[in-house]
Every structure is written in C-alpha cells, then in structure tokens.
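Protein sequence lines correspond, in order, to chains A and B.
With the first letter of the first sequence counted as 1, position 115 gets the number 115 in the UniProt record's numbering; the numbers rise by one all the way through.
With the first letter of the second sequence counted as 1, position 77 gets the number 77 in the UniProt record's numbering; the numbers rise by one all the way through.
Calculated from the structure, these hints are not laboratory results.
Since the model is a prediction, treat every value here as computed from it, not as a measurement.
Heads up, the beta-carbon is just placed ideally off N, CA and C, and yes, glycines get one too.
Misleading hints may appear alongside valid ones.
[To be verified] Estimated spans, in silico, between C-beta atoms of each pair:
#	chain 1	residue 1	chain 2	residue 2	range
1	B	Ala232	A	Ser16	43 to 49 Å
2	B	Asp312	A	Arg217	55 to 61 Å
3	B	Pro22	A	Asp413	53 to 59 Å
4	B	Ala100	A	Glu405	43 to 49 Å
5	A	Thr453	B	Gly85	49 to 55 Å
6	A	Ala359	B	Ala100	20 to 26 Å
7	A	Ala62	B	Arg438	53 to 59 Å
8	B	Pro277	A	Arg99	54 to 60 Å
9	B	Ala327	A	Gln321	34 to 40 Å
10	A	Met267	B	Arg438	55 to 61 Å
11	B	Ala327	A	Arg217	34 to 40 Å
12	A	Arg30	B	Thr453	52 to 58 Å
13	A	Ala363	B	Ala100	22 to 28 Å
14	A	Arg99	B	Arg272	44 to 50 Å
[To be verified] With the C-beta cut set under 7 Å, the calculated list includes, among others, these residues of chain A facing chain B:
#	residue
15	Ile98
16	Ala100
17	Gly190
18	Ala245
19	Ser348
20	Glu425
21	Pro457
22	Gly459
2 protein chains.
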Amino acid sequence: MPADILGKLAAILGPSGLITDPADLAPKLRDHRGRYAGAAAFAVRPARVADLAAAMALLYEAGVPMVPQGGNTGLVGGATPDGSGREVLILTDRLRQIRAVDPAGDTITVEAGCLLAEVQAAAEAAGRHYAVSLASEGSCTIGGNLSTNAGGIHVLRYGNTREQVLGLEVVLPDGRLWHGLRALRKDNTGYDLKHLFIGAEGTLGVITAACLKLWPRPAGRAVAFCAVSDVAAAVALLGRLRGAAGEALTAFELIPEIGLGFVLRHMPGRRRPLAAPSPWYVLTEIASQGADQQAVLEAALGTAIADGLVQDAAIAASDAQAAALWALREDMSDAQRPEGASLKHDVSIPVPGIAGFVAAAEASVRARDPGVRIVCFGHVGDGNLHFNLSQPLGASPADFLARTEEFAQLVHDIVHAHAGSISAEHGLGRLKVEEITRYHDQVEIDLKRRIKTAFDPKGLMNPGKVVRQ
Amino acid sequence: MPADILGKLAAILGPSGLITDPADLAPKLRDHRGRYAGAAAFAVRPARVADLAAAMALLYEAGVPMVPQGGNTGLVGGATPDGSGREVLILTDRLRQIRAVDPAGDTITVEAGCLLAEVQAAAEAAGRHYAVSLASEGSCTIGGNLSTNAGGIHVLRYGNTREQVLGLEVVLPDGRLWHGLRALRKDNTGYDLKHLFIGAEGTLGVITAACLKLWPRPAGRAVAFCAVSDVAAAVALLGRLRGAAGEALTAFELIPEIGLGFVLRHMPGRRRPLAAPSPWYVLTEIASQGADQQAVLEAALGTAIADGLVQDAAIAASDAQAAALWALREDMSDAQRPEGASLKHDVSIPVPGIAGFVAAAEASVRARDPGVRIVCFGHVGDGNLHFNLSQPLGASPADFLARTEEFAQLVHDIVHAHAGSISAEHGLGRLKVEEITRYHDQVEIDLKRRIKTAFDPKGLMNPGKVVRQ
Numbered sequence: 001m002p003a004d005i006l007g008k009l010a011a012i013l014g015p016s017g018l019i020t021d022p023a024d025l026a027p028k029l030r031d032h033r034g035r036y037a038g039a040a041a042f043a044v045r046p047a048r049v050a051d052l053a054a055a056m057a058l059l060y061e062a063g064v065p066m067v068p069q070g071g072n073t074g075l076v077g078g079a080t081p082d083g084s085g086r087e088v089l090i091l092t093d094r095l096r097q098i099r100a101v102d103p104a105g106d107t108i109t110v111e112a113g114c115l116l117a118e119v120q121a122a123a124e125a126a127g128r129h130y131a132v133s134l135a136s137e138g139s140c141t142i143g144g145n146l147s148t149n150a151g152g153i154h155v156l157r158y159g160n161t162r163e164q165v166l167g168l169e170v171v172l173p174d175g176r177l178w179h180g181l182r183a184l185r186k187d188n189t190g191y192d193l194k195h196l197f198i199g200a201e202g203t204l205g206v207i208t209a210a211c212l213k214l215w216p217r218p219a220g221r222a223v224a225f226c227a228v229s230d231v232a233a234a235v236a237l238l239g240r241l242r243g244a245a246g247e248a249l250t251a252f253e254l255i256p257e258i259g260l261g262f263v264l265r266h267m268p269g270r271r272r273p274l275a276a277p278s279p280w281y282v283l284t285e286i287a288s289q290g291a292d293q294q295a296v297l298e299a300a301l302g303t304a305i306a307d308g309l310v311q312d313a314a315i316a317a318s319d320a321q322a323a324a325l326w327a328l329r330e331d332m333s334d335a336q337r338p339e340g341a342s343l344k345h346d347v348s349i350p351v352p353g354i355a356g357f358v359a360a361a362e363a364s365v366r367a368r369d370p371g372v373r374i375v376c377f378g379h380v381g382d383g384n385l386h387f388n389l390s391q392p393l394g395a396s397p398a399d400f401l402a403r404t405e406e407f408a409q410l411v412h413d414i415v416h417a418h419a420g421s422i423s424a425e426h427g428l429g430r431l432k433v434e435e436i437t438r439y440h441d442q443v444e445i446d447l448k449r450r451i452k453t454a455f456d457p458k459g460l461m462n463p464g465k466v467v468r469q
Numbered sequence: 001m002p003a004d005i006l007g008k009l010a011a012i013l014g015p016s017g018l019i020t021d022p023a024d025l026a027p028k029l030r031d032h033r034g035r036y037a038g039a040a041a042f043a044v045r046p047a048r049v050a051d052l053a054a055a056m057a058l059l060y061e062a063g064v065p066m067v068p069q070g071g072n073t074g075l076v077g078g079a080t081p082d083g084s085g086r087e088v089l090i091l092t093d094r095l096r097q098i099r100a101v102d103p104a105g106d107t108i109t110v111e112a113g114c115l116l117a118e119v120q121a122a123a124e125a126a127g128r129h130y131a132v133s134l135a136s137e138g139s140c141t142i143g144g145n146l147s148t149n150a151g152g153i154h155v156l157r158y159g160n161t162r163e164q165v166l167g168l169e170v171v172l173p174d175g176r177l178w179h180g181l182r183a184l185r186k187d188n189t190g191y192d193l194k195h196l197f198i199g200a201e202g203t204l205g206v207i208t209a210a211c212l213k214l215w216p217r218p219a220g221r222a223v224a225f226c227a228v229s230d231v232a233a234a235v236a237l238l239g240r241l242r243g244a245a246g247e248a249l250t251a252f253e254l255i256p257e258i259g260l261g262f263v264l265r266h267m268p269g270r271r272r273p274l275a276a277p278s279p280w281y282v283l284t285e286i287a288s289q290g291a292d293q294q295a296v297l298e299a300a301l302g303t304a305i306a307d308g309l310v311q312d313a314a315i316a317a318s319d320a321q322a323a324a325l326w327a328l329r330e331d332m333s334d335a336q337r338p339e340g341a342s343l344k345h346d347v348s349i350p351v352p353g354i355a356g357f358v359a360a361a362e363a364s365v366r367a368r369d370p371g372v373r374i375v376c377f378g379h380v381g382d383g384n385l386h387f388n389l390s391q392p393l394g395a396s397p398a399d400f401l402a403r404t405e406e407f408a409q410l411v412h413d414i415v416h417a418h419a420g421s422i423s424a425e426h427g428l429g430r431l432k433v434e435e436i437t438r439y440h441d442q443v444e445i446d447l448k449r450r451i452k453t454a455f456d457p458k459g460l461m462n463p464g465k466v467v468r469q
C-alpha cells in the first residue's frame, strides 16, 4: 500500500472518516456468529457518497482490496476481511440519510447505512409499509439487506428485498458512480443492472442508496398457531389458506415441537399456545385492507380441523396475543444457543417437495448420528427451511462444529437432489463460496466469473466472496 | 458463411428445422408495425432445445450473426434482421411444450414458443392464474415476453413479466446451455443471471424455457369507468383506491376523451359508458379472493363523487358489462389507425409526476404543431403512459412519420426532465438503441457494453439491438 494513502484519504474523508485504532476496528473484524475473524489495514467511514467514491478511486488505483460492511449481522462471513491485513473495510454507517419518503408514489429513498427498522419506521410515519421484516431488523442495514437480497418472514406475500427495489446508486470498484436511483415501476431500457448488484454481497461495487417500494399498510391482521401431525399436512394447509386468502396470506411458518420446547425452556415468559403437544406446528398470518381476516382464517381453519388436517388451533384475539405467538417463532434461533453447538442449513426446496426433503434429510442425519437433534423450521410458504442441527446432548461443542462440512454435504446433497438451493436467504459469502461449485454447473460458474471480471477486473471488491476469480 | 453449413444444420435440425424459401421467410423479415424490413440468409426452427444448442454452436463457430424471433409482435424492431442478408433467424415456434403445471407449488414451466394465451389457459385449467395480460396475448410468445420484460394491464398488482420468473433455461451465443430452470422462491447463490437475460431482447442468448409463478385465481372482480376532470384527479383517485383496496387494486388505466371518441367512431358495437363526455376517464378494476370488491369500489367511488374528485362513474353489473368497458381500453391503440399516421411514445414517470409531465408534454407538442392530436392513455397505476400523437387532420401520413425523431426528442426530453424512462414496456430494440445514449450516462453505457462483451464476445447475438458494441 502506498505510504501516503492514509494522508490522502484523511484529506478526502475528514477527521471522523478513517478508523485506524485497532481497538476501534476490532469489533468489525469478526462476524456475527464468531466463525470468522480477519484483519484490516484500516476502515474508511465516509459521510457522503462523493467522499466514498473519491476514496474508492484512490484505493482502486493503489490496488488495495476493499470489504464493505453494513450492520455486520451476516451469517456467511461476507463482510469479514481475510487475515492478510491488506484489506480495507468500507463502513456505510454514516451514509444514513432517509433522502425522501413519497407516499403518493409509494416509494422511499434511503442511504445504505440506514437500519432496516429505521426504514420501516419512516414508512409507517408516512402511512405506508416497508415490506421486509426479519429478526435482525434493529441492527442490520438496508445496504446489507440489498447486498444479500435478504428474505425474512413476509416473502410469501411481498417477495425478497430484491422485489422491493426500484433503483440503486452504486459506487463501482474504480470509484465511478452509477446513477441508477430511479423510481419507476416500468423501465425497459436494456440490461437490468440493479439486479446484478442486489445479492452480489459487495463484490461488484458498494450500494450507497436505494429507491424502495412502499405498500399500503394492512388494515388488520389475523394470526393463528396450529398443530399439524406432519410436514405434508403443513404443506396441504398452505395450499388451502392460499386458496382462501389469496395474496393476503402474509406468513406461513413451520415450527417443530423440539424447537418450541427449546423456546419454552430457555426464553423467559413464553408459554405453550395449545393444550397438547404436537410433532409440528404452523404459525400463519393473514393481513389485508378489509376487515374480514379473522373470519377468513376461522373459516379455513374450522374446515381444516373438521377434515383432520389440523388437530388444534389458537387464533390470537388481540395484538398482544399475536405478538406472543410470533415471539415463539422469532426466538427459535436464539433458543438453540443454550443447547450447545448448532450447524445451520439455510435451504430452499420447491414447495411440493418439502415433505419429501424433510423426511429424506431427517433419515440421513439420524443414520449418520442418532444423537443429533434436528430443529427444522422456517418459511415453508417460500419453500425456505432452516434445517438446523443441535449437537447431541452431552457431546463436545467443538467436536460437533468440526463436523460442519460433513453435515453440510450430507444435507446439501439431499437439497440438490430435491432441486433446491443451498443458500435460500443468507448468501454465499465466504462460507459457501467453494461449496456452491459442487452444485452449480461449469456454465453457470463461468458466467458468474465473467460478470465479476467485467465489473471488477482487478479483483479488488470483497475478494474471495461469492465467486472465486 | 461456410458453404457446407446448411447441410450440417439440416442434419441437426431435420427436414422441418430450416426455412430457406424466400416466400416462407418473407413475413418474418418485417416487424409488426411495418417500420423495419430486413433480410436473412435462412431461418432455423428447432423442435428441441438440444437441437437449437447444437445449431447455435455451429453458427457461432462460423461467425454467423443470429436474430431470435418469437411471435414477431414487438414494437421496436428487436426481432427484425438487418438488411445485409448475413443474419440467420432463430425461430422458437416449435419449442412449444408446456413442460409442467404445478398448482401445489404455484408454478408453470413452459417453452419459449408457447403463446402467452396458451400459458394463461394452462394456468386456468389448473385452477391458477398467470398474471401477465396484454393486447397481443393471442399471438405473442412467452420467449418474447421474457426477452422484452413485457408489461401489460395488471402490472400494478402483479408486476412485469420479470417479476413472474423463478427460473430460466438459456442457450448462450456459443451454444452452451445454462440450466437455470429453478422453481425456487428464494435462492441467494450469487449473481442473479436470470434477470440479465430477461429484458435483454435476445442479445445475450436465446431463452428456451422458463419456470413462472402462478397466482390464486381471483374469486371475483369489480370494474368501473369514471369521469375525471384532469390527470391530477386521476392520480389522486389512484391513491384513494389503493388505500381502500390495497393490492387488490388490479388495474388503473387513464383514457382521454379523444381516444374514447376514436374508439366509438371506428370500432363497431362500442358505446359511450357515461352520459356526459369528460376530458379524461379512468378504467379501474379490483379483484380479490373475498366477495366484497363491488362494495369496496362503490364506497370508494361514492366518496370520490361526493368530494368532487370524480364527476360520474359506471360500475359494471355483469361480466359482459365489465368486458364491454375493458374493450374500450383495449381498442385504444387500433382505433388510432384509421385516423392516419401516429407517433407512439411508451414512457414511464414516477406516479406523482404524471400530471406535471402530461401538462408539459401537451404544451410542448401544441407549441410545435397545434394540429397534432394528442392521445395520451395507459397504465397510470404503474406510471406508464402511451403518449401517442395522431397526425393533424388532412395532413400527409408520410410527412408526419418523417417527424418521428423530432417528436421523440421533444417528448423524451420532457420524460427525462421528469426522471422518467423513454421505454417503459416495449424495450429498445433497434428503434431506441442510439436514442438511449442521449439519456443514460457514460457509466451505465459502459457497464452494459461490458456485460454484452462478457456474454457475447464475438457480437453475434442479435447485433445492433439494445447496446452497440
């Protein structure tokens, strides 16, 4: 790295725009789950997009590799630098303006460093709804959401983060700015560049701002917690509710008894919503403009109980009850922690294949190690399961974590055989960058490399993530 | 072209797989509107994807430029070969299998040559709904819809063709096959290749099949025809109906009195739906799973009339009445033909800017030529207007057509000043490939060229369309 680069960057970025103190850098050099730790020469922390562009032009010219980081809540090591100490972190937390809220046009224009919860709140304040919701919404940034195409609990109705985007502003690796911040619902003027940057995990440039869709605020919602005897019954119930409620079906989450048990054991104040335990549960929500959500849900579940598809169901009678039901689902991931080490598999399967996949994956895991506790839950409405494995009771956490690759291959091979994806909503990052080459064919790998090379010929943007050059 | 290439292609494609007779080729060498005419050495017409891949490998190796063509209903010359006679047409009409309909997974997998209407019908037969609907649905192909990211009348609710796509199968320029035919709602495994091919107008490869989303069939619909005094009132009404009906608002179309007059004059059997003429009308539709569409629409329009926002409204009391109201909108384009030459501008504007855009564009056109008859209609709910100009009464059609570029620049400069797009749903094709460089900055042009070169280094795929290399 050129000796004078820090001085030049300081002149561009101002006194708060550089972090060089190792103590200040330290928390940004580890990922959220503590799986990866790296080093960084320093971090740039621009307050304005133009400053970031100037800084990146300088770094690119000097051949310095750059790693963008938002809220550092990612689960695949995508925002953690390598161990070389050569890489420079790019922090977006000062790019935090909500530039415009336009309720008439149903759009909001925000900078990358805005927290997801801040964007949700700004939309609500304008009488609108920003549709992405996920567990880390209080600490993850919109820039990170965009770069990982974040999913969450309402994809069934509103789509992923990708589907919310009308326009982007991006600093390219060489510091040039792409002015793609459009607010148009229809624009067919050549290749859709924004979709390349969404989900690219910062390997093609740094997203600095986005124009996002807003939705009407649902007038009300109905939430139910249902007992079903198996995964096939859950999938059948999904079909029925979609038939009854159409797009108003907003969430459809699968929960296993073991996961509910972990929540009840470890999370204070939670209580069992149904009298009798059941192997599986479904948490579902209908939200719409009309006032009939409760009636639609009651009627559909009444029929499903009469038909034996659902064994029991509790419909929330108040917002507080709805929140209590949702808390059971939201705690599912955290409640695994006190149970020891866990191996997480964020997979998706075409919905009709879900029951077959779960049966096959359970059988394979049990055949490999009957002590492993399978905690399979998630967004069945989108075909997205978190097929998590908690360590055998009493086993060593380190021994179980050492089997990460073994179980990943076992589970992911079954995912692949069911035409699924080994990364539904978390991305590839560093964790799966090699593994994906086992499942994608050579043509796809080649096309992705060509894109990477076309946009980042020097390979300086978040190297070693998503695609190896 | 190598002398023996026809023989090799015949061996691959079989007796019906090549068209060499000039009489058979002729209808495929002109575009739908008769603006472009070209020549082709011959056409390949594969019955199987593997045959197309083998043929393209041969053509690529020989350096032969290729022009894909679906239903030949495009409006920008994107499927018409140039005049050199060197280009070869690739016809998809024999790739016409509906490979799978999966109502449980809400997907349909179809080959590129299927007509849009065939896909709609297959979805209906399975109790589902394919959401794209447009005037040429009886003759346009899904491959063409995908390659132009076709819009239509229900984008407001369901999005463009792009938003319907889960996976694609594509033959690359060099004949390799990309197996991207996934059926997943969530898949974050690197750059999203499908979004590059969608809307690329065949310049990056030939889409051969797609896995598309299906939707629940709406249980019923309510359709109304409303008189409003100006465009601002129409936009205000859009906001109100979206507030009342949420995503159930399925269509919101602006119609001018002059356009309605053309339809009543030229299209047999049409009648005026409201007693008194009005400068502008809105045709709107609400469709949902519930049974309350009619009530929601009546209540919202009742309030709007009481507030003076709407002057009068007719709500269809039967499917036949709804169809009659829709016919007025669907005939709008054809009804311009008997009025002489017309210049069409397919533009989009952020919704809050629509009234300002229409006022500015009308004033500029009138200042340039007061005799020009402005027929501005379209999908206001998506910000998409067809700002069409019919020739002055009694003027020469040829003289008016000679002013195509003059009026395009006049209208498109105003679009650009209103942060709009000069091609909302028709694409760039050959018509706007140069013009777009006036409105896109150098960074965007450069990125698009890099993509083109990365995917098609020899420049053989639909040359001269979308982007100039």
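Structure-based check of each hint:
1. A beta carbon spacing of about 45 Å between alanine 232/B and serine 16/A agrees with the range 43 to 49 Å that was offered as a hint.
2. The given range of 55 to 61 Å is broken by aspartate 312/B and arginine 217/A, whose C-beta atoms sit roughly 30 Å from each other.
3. Here the CB-CB span from proline 22/B to aspartate 413/A is close to 54 Å, well matched to the stated 53 to 59 Å.
4. Between alanine 100/B and glutamate 405/A the beta carbons are some 34 Å apart, a value that contradicts the proposed interval 43 to 49 Å.
5. A hinted range of 49 to 55 Å for the beta carbons of threonine 453/A and glycine 85/B is inconsistent with their spacing of about 35 Å.
6. Range check, alanine 359/A to alanine 100/B: about 22 Å between beta-carbon atoms, so the 20 to 26 Å window is met.
7. Distance hint check: the CB atoms of alanine 62/A and arginine 438/B are about 35 Å apart, inconsistent with the given range 53 to 59 Å.
8. As the Cβ distance of proline 277/B to arginine 99/A is approximately 43 Å, the hint placing it in 54 to 60 Å is violated.
9. The supplied range of 34 to 40 Å is broken by alanine 327/B and glutamine 321/A, whose beta-carbon atoms lie about 49 Å from each other.
10. Judged by the Cβ atoms, the range 55 to 61 Å given for methionine 267/A and arginine 438/B holds: they are separated by roughly 59 Å.
11. For the pair alanine 327/B and arginine 217/A, the supplied restraint of 34 to 40 Å holds, since their beta-carbon distance comes to about 35 Å.
12. Here the CB-CB span from arginine 30/A to threonine 453/B is close to 39 Å, at odds with the stated 52 to 58 Å.
13. For alanine 363/A paired with alanine 100/B, a C-beta distance near 27 Å keeps the hint of 22 to 28 Å intact.
14. Separated by about 46 Å at the C-beta atoms, arginine 99/A and arginine 272/B satisfy the suggested range of 44 to 50 Å.
15. Violation of the interface hint for isoleucine 98/A is found here, the shortest Cβ-Cβ separation to chain B being roughly 17 Å, above the 7 Å cut-off.
16. For alanine 100/A, the shortest C-beta to C-beta distance to chain B is roughly 11 Å, which exceeds 7 Å, and the interface hint is violated.
17. About 5 Å separates the beta-carbon of glycine 190/A from the nearest beta-carbon of chain B, less than 7 Å, and the hint is met.
18. Look at alanine 245/A: its Cβ gets to within about 6 Å of chain B, closer than 7 Å, so that hint holds up.
19. Below 7 Å, beta-carbon pairs count as interface contacts, and serine 348/A has one with chain B at about 5 Å; its hint therefore holds.
20. Hint status for glutamate 425/A relative to chain B: holds, with the closest Cβ pair at about 5 Å, below 7 Å.
21. Among the interface hints, the one on proline 457/A is violated; its C-beta lies about 9 Å from the nearest C-beta in chain B, farther than the 7 Å criterion.
22. Because the closest C-beta pair between glycine 459/A and chain B is about 15 Å apart, greater than 7 Å, the hint is violated.
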